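Protein chains in written order, with this note's numbering: chain A, 680 to 978; chain B, 85 to 298.
Be aware that one or more of the hints could be misleading.
[Unchecked claim] Okay, the calculated bits of chain B under chain A, using three or more residues with CB under 8 Å as the criterion:
# : region
1 : 143-153
2 : 234-243
3 : 267-274
Hint data in this document are derived by calculation from the structure and do not stem from the laboratory. This one's a predicted model, so the numbers in the text were calculated from it and none came from an experiment. Ideal Cβ positions, reconstructed from N, Cα and C, are used throughout, including at glycine.
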Amino acid sequence: MNKLLERLKNGEILIADGAIGTMLFERGLKSGECPEAMNLSRLDVLEDIARLYLDAGADIIQSNTFGGSPLKLASYSLADEAPLINRNAVSAVSRVVSGKAYVSASCGPCGQILKPYGDTDPEIVYKSFEIQMQAFFESGCDVICIETMMDLAEMLLALKAARKMAPGIPVMATMTFDATPKGFFTIMGVTIEKAACTLEEAGADVIGSNCGNGIEDMIRIAREYRKHTTLPLIIQSNAGLPVIENGELVYPESPEFMAEKAKELVDAGVSIIGGCCGTGPAHIRAIRNSISTFTECHK
Amino acid sequence: MELLDQISFNLQNGFDKIVASLTKDAVEKQIPPKEILSNGLIAGMNIVGEKFKNHDIFLPDVLLAARAMNGAMEVLKPLLIKEGIPIRGKVVIGSVKDDLHDIGKNLVAILLKGAGFEVIDLGNDVPAEKFISVAREENAHVIGMSALLTTTMPVMKKVVDLAKDEGLFGKIRIVIGGAPVSKEYALEIGADAYSYDGANAVETVESFFPANSQ
Numbered sequence: 680m681n682k683l684l685e686r687l688k689n690g691e692i693l694i695a696d697g698a699i700g701t702m703l704f705e706r707g708l709k710s711g712e713c714p715e716a717m718n719l720s721r722l723d724v725l726e727d728i729a730r731l732y733l734d735a736g737a738d739i740i741q742s743n744t745f746g747g748s749p750l751k752l753a754s755y756s757l758a759d760e761a762p763l764i765n766r767n768a769v770s771a772v773s774r775v776v777s778g779k780a781y782v783s784a785s786c787g788p789c790g791q792i793l794k795p796y797g798d799t800d801p802e803i804v805y806k807s808f809e810i811q812m813q814a815f816f817e818s819g820c821d822v823i824c825i826e827t828m829m830d831l832a833e834m835l836l837a838l839k840a841a842r843k844m845a846p847g848i849p850v851m852a853t854m855t856f857d858a859t860p861k862g863f864f865t866i867m868g869v870t871i872e873k874a875a876c877t878l879e880e881a882g883a884d885v886i887g888s889n890c891g892n893g894i895e896d897m898i899r900i901a902r903e904y905r906k907h908t909t910l911p912l913i914i915q916s917n918a919g920l921p922v923i924e925n926g927e928l929v930y931p932e933s934p935e936f937m938a939e940k941a942k943e944l945v946d947a948g949v950s951i952i953g954g955c956c957g958t959g960p961a962h963i964r965a966i967r968n969s970i971s972t973f974t975e976c977h978k
Numbered sequence: 085m086e087l088l089d090q091i092s093f094n095l096q097n098g099f100d101k102i103v104a105s106l107t108k109d110a111v112e113k114q115i116p117p118k119e120i121l122s123n124g125l126i127a128g129m130n131i132v133g134e135k136f137k138n139h140d141i142f143l144p145d146v147l148l149a150a151r152a153m154n155g156a157m158e159v160l161k162p163l164l165i166k167e168g169i170p171i172r173g174k175v176v177i178g179s180v181k182d183d184l185h186d187i188g189k190n191l192v193a194i195l196l197k198g199a200g201f202e203v204i205d206l207g208n209d210v211p212a213e214k215f216i217s218v219a220r221e222e223n224a225h226v227i228g229m230s231a232l233l234t235t236t237m238p239v240m241k242k243v244v245d246l247a248k249d250e251g252l253f254g255k256i257r258i259v260i261g262g263a264p265v266s267k268e269y270a271l272e273i274g275a276d277a278y279s280y281d282g283a284n285a286v287e288t289v290e291s292f293f294p295a296n297s298q
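Chain A extracted, bound-state conformation (with noise of 0.2 Å):
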């Protein structure tokens, strides 16, 4: 069995990495700028974040991956550079971690509608996947993860391509759930126990939620996953949803109070827990720290 997986089935609760969007920007990423063509010409900001993410305890590190499939990169005119794109991201973050960490292939939405609700082809979706899935594969990551998805007909999409392309690489599936005033759904009003059944048939190793939400709803958001699956869980949470203070955009939640909660997770049933839009090392430290304490304490 995979090493990883291996050490979720033993009951170990692995860190992941925060937010990489905010970090480009701090270095050098232009407003409007695709953030995956950094990976072709900024290497050292790659490895870079990948290396405060280290240094801030995470087990797990992911690419800067996240819009590289070329329906995705179409956008930016970049989707023939696909490839390069993605291998390139993959291999940075490995050239760092060099074995301390495990490297995550990122895979984010294709940014279309699938028919028949919206214009695009199922089938062209498909096979751009299948171009980022295989640039995982060559470039050697330790797991695969799709995130922030919808649509479960796209999520199972990407899987799909993931076990053909890339084939014994496990694979995380994230979905993004708003909370409602009648429960969690995705904007495609997916339930949280009708993506947990299906994921779990299709064959994902590790199931779960990033994004859309402060760590409290991400908790309710675990708890309600774990009544539907065996699975290992993976929460990556935003630090708040943001608000604005002096005209300035900001995640409320702090690193001690994420850190805080982050136990509450543990609780819940979650192996794998990580951040996402305004999370940033000082974060997954406290998470580190608080998660390791906790563990110990409760041998």
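Using the hints provided, position chain B relative to the given structure of chain A.
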């Protein structure tokens, strides 16, 4: 069931071919186009909008209903134009410059069209100047802007500032939305309103037209 109720019912269920065919039937039966629009199509879309707002249905259902609406409008539009029936209001909409997200904006455009407004969709990555120039040329009543990135939100302020500079402020109402946008931000930059979702965007735009909002 009456023909117009059938149109509404089938539209709510997203049966586009049936809605188009029933709309043709209604036209052949000499039902006035405005009545088909108001009591069939818009009546159906209003229910869809209400259910969507209440989280009883989701984006896929809205997209199918909107497709049915658009199909029926192909049939009705030439007739409405011929009869010179005034549109409810004209909205220029787009995602702001440097922002390539457009799912939310598209949804708002669909819902506004569904509610009977004329919508000029400028797409995504729209510069501030373009919102203003098109709104001026088209004599639009409303500018709707979406931003999904915190980094692109300042374009919204630029549009409000430009509107003030050009004396359009107060004549053209400006409504903003998108995940990182808030009511506070709308207040801060001086936009007329903030909408938290698609259904609310329609309510907000409707509130600008008290006279003909029936």
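So which of those numbered hints doesn't the model satisfy? none
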